[in-house]
Amino acid sequence: MVTAGKGAAMLFLHGAGGAGRWWPFHEQLARNFTVRAPTHPGHGGAPAADWIEHISDLAFHYLDLLDEIGLERVHLVGASFGGWIAAEMATVASHRLDSLVLIDPVGIKVDGWIYPFLFGMDIPDLVATLFHEPAAAMALMPRDQSVDTLVELYRERAALARVSWNPYLYDPLLRRRLGRIRARTLLCWGEHDRLASLACAAAWQAEIPGAELRIFRGSGHLPHLEEPETTAAAILEFCRQP
Amino acid sequence: MKFYYFHLMPYPMEHDEASSWVTLSNRHYDPVVGHTLYNQYLDQLEYAEQLGWDGLCVNEHHQNCYGTMPSPNVMAAMLVRRTHRAKIAILGNGLPLRENPLRIAEEIAMLDVASGGRVISGFVRGIAPEYFSTAVNPTHSRERFYEAAELILRAWTEEGPFAFDGRFYRYPYVNPWPRPLQKPHPPVWCPSQGSSETVEWAARRRFPYLMVFTPITRIAQIYREYREACERHGYTASPYQLTVNLPIVVAENDAKAYEIAQAHALWVYHVGLRVAAPFWRPPGYLSESSLRRVLDNPTKLPTELTFEDLEAGGYIICGSPATVRDKLKVFSEELRAGIVCSGMNGGTHERTLEMMQLFAEEVMPHFRDDAHVDETAGVGR
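From first to last, the protein sequence lines are chains A and B.
Under our numbering, think of the first position of the first sequence as 162, with each following residue one higher.
Under our numbering, think of the first position of the second sequence as 3, with each following residue one higher.
Hints are computed from structural coordinates only; laboratory data are not their basis.
Note that this is a predicted model, so its numbers are computed, not measured.
Beta carbons are placed, not taken as given, at the ideal position from N, Cα and C, and that holds for glycine.
Don't take each hint at face value.
[Said to hold, decoys possible] Derived CB-CB ranges, DEER-like: (1) B:D298 - A:W184: 32 to 42 Å; (2) B:R295 - A:D225: 30 to 40 Å; (3) B:E145 - A:I275: 26 to 36 Å; (4) A:P208 - B:Y175: 35 to 45 Å; (5) A:Q306 - B:E199: 20 to 30 Å; (6) B:G168 - A:Q366: 40 to 50 Å; (7) A:I376 - B:A165: 46 to 56 Å; (8) A:R337 - B:R84: 48 to 58 Å; (9) B:G168 - A:I275: 28 to 38 Å; (10) A:R355 - B:R353: 46 to 56 Å; (11) B:H17 - A:I275: 20 to 30 Å.
[Claimed, not checked] Far from chain B, some chain A residues (derived; all Cβ distances over 10 Å): (12) V163; (13) E233; (14) N327; (15) R341.
Make the full structure from the sequences, and use the hints.
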C-alpha cells in the first residue's frame, strides 16, 4: 500500500492494471489528503488470493483494512474495477464515508448496454476500448516481458476473472442496493468511455441518491489518466466541501 | 496394437480472420455443405468399423471451423445404431463446460445401454477458447472438472437416490435412469494437454491418458510422467492406457503420400488451430506452474509450423504402407502405447475412403498380435 500526503484520510482503490501505480493524479490528491492506495489481493505481485470468490469479498477486505489501520471514516475513491468495490462497500457502510467518488465504475447491469469483453481483446482493441487518446495507454504498460512479469499479469487477470467473468463486470444484486448509499457521491465519467458508456453514468446517477455527475470531455474510461489534473481538481473540490 | 479412427469433423475453409475460434462468424457456415460433410464423415466412421478399426472417436468443440461437433454425444448416438462391434470413444465431453453435468452421466449411460456396452467416456476440461464460447469462468475450470467427474462416477456406480452437495454442482436427488451397462462403469479416458495435475489424477484412477497435436518428444515426456505416477500408485500402466494420437497419411508410395499430406495436412494447424492470442490463454485456466512450464519452453504456434516441422517433430505420419509401418513401430515403441488413434484426410471423401482401405489392408494386419485382447479390460475404471 502506498501512503502519501497530509490531511483527512482518503482511500483510493485502483482498477485493472493500476496496482502499485502512483501517478500525477495521486500526487495532486495527496496535496490535501492523506492518500492510501492499497493493492488488491492477487494484484501487483501479491500472492494469488483463492479465497476471493465474489466482489463482496473485496469490499469486506477493505472494510477490514479500515478497521486494521484505525480509520473510522474516509473519503473513498475508486476507479473502474476499484469503483465497483467502492460502491459495494458504500452499500453496506456508507456511514463510514465522508464522501464517495466513483470514476467510471463498472459493477451494475445497465439496460441496453453490454460491457465489451476485455478478456477476449488483444492490446490494440483494449487500448481502443479504454482510451480516448491511445498515447495515454503507456501508463499501463507492464515493466517488462519476463516470465515472472507475465505470470504476475496472468495472476492479476485471474484475480479479476474470479469475480467478474460471468456475470461479466457486474454484481446482479448491486444496482438495487445503491439506493442505500447515504454518503455524498461524485461520479466522474470520461465522455468517450467505450467500456462503460454515458448510459451507465446515467444509471448510476439515477440509483445513488443525490449523486453528482462530472463529465470529462477529453477522456475515455480512465479520466484520471487522460485528464489527471482536471479530474483530481474536481475530486478535491468535491471532497473538501463540508 | 489397437486402432481407433479419430474424427474432428472439420468445416474445411480458408479465411483471413485472426481466429478460427470464437469469433469466426458462423455466416461462413453453409448448412447445405454441412449436410454433405456430416454424412460423409459418418460414412467414414462407419466404414472404419467395416475395415477393422477397433474404435471410433468423436469429440466436443465449440464455435469454430476446426471441429463441428459441439455435442459429441449426438454423433455417438448416430454411430451406436449404425455400427455393431467397434468401441465408440467420446473424447470427450467437456465436463466443466456443462451447467448440469449429471446430464453427461445420463447421456453416456443411454449410449452404453443402447450400444451393448461399447462406449468409452472421455472426460476433458475443454480447450482454452471454449471458455470464451461457453462463458464458463476459466478460473473454476479445474475444480469444476474434478467435481463433475466425481459426480458422474458416483452417479454411475452408487445406487440412487443420493444427495450431492458440491461447490458448483448441487442435487438433492442423484438417481439417473438408465444405469450404464458396463461395470462398474464405461471406461474413462483423459485426453489432456500435459498438466501435471491431470496426469496425476488420471494415473491414480487407471484412466487412459492421451495427448493430441503435440510434438512426439513432448508426448513421450508426459507419458513417462504418467507411467511413473502409475508406479507410485502401485501398478504398471497397461499399454492400452496410452495412445499414439496423430494424423496418418498413407499412399501407394512416399512421394504420393507427401504430396497429399502437403496439400491437406497443414490445414488443421494453419487454419483449424488459428486461435487469436487472448483466446489461447483465458485467465486461471492454467495453474501458475503449468503456465511457467509453457513460458519457459516456448514452442511454435500451430500456425507457425511448416510441413517439415510436422514431419520432423512427429506431429504426423506419412508415407507408403511400408514407411508408415516403420514409423508407427517407432512411435508406438517410443511411447510404449498400445492404441493408435488417428484420422485421415485424402482431400476428398472418396480419396479418404481409399486411404483408409489401403491402411487397413497394408498396415493394420502387421500389428495384430493382440487381436484377441480386450483393450478396455481393467483399464479406465
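Status of each hint after checking the structure:
no., hint, in the structure
1, B:D298 - A:W184: 32 to 42 Å, "33 Å, holds"
2, B:R295 - A:D225: 30 to 40 Å, "36 Å, holds"
3, B:E145 - A:I275: 26 to 36 Å, "27 Å, holds"
4, A:P208 - B:Y175: 35 to 45 Å, "40 Å, holds"
5, A:Q306 - B:E199: 20 to 30 Å, "27 Å, holds"
6, B:G168 - A:Q366: 40 to 50 Å, "41 Å, holds"
7, A:I376 - B:A165: 46 to 56 Å, "54 Å, holds"
8, A:R337 - B:R84: 48 to 58 Å, "54 Å, holds"
9, B:G168 - A:I275: 28 to 38 Å, "30 Å, holds"
10, A:R355 - B:R353: 46 to 56 Å, "50 Å, holds"
11, B:H17 - A:I275: 20 to 30 Å, "26 Å, holds"
12, V163, "25 Å, holds"
13, E233, "35 Å, holds"
14, N327, "5 Å, violated"
15, R341, "28 Å, holds"
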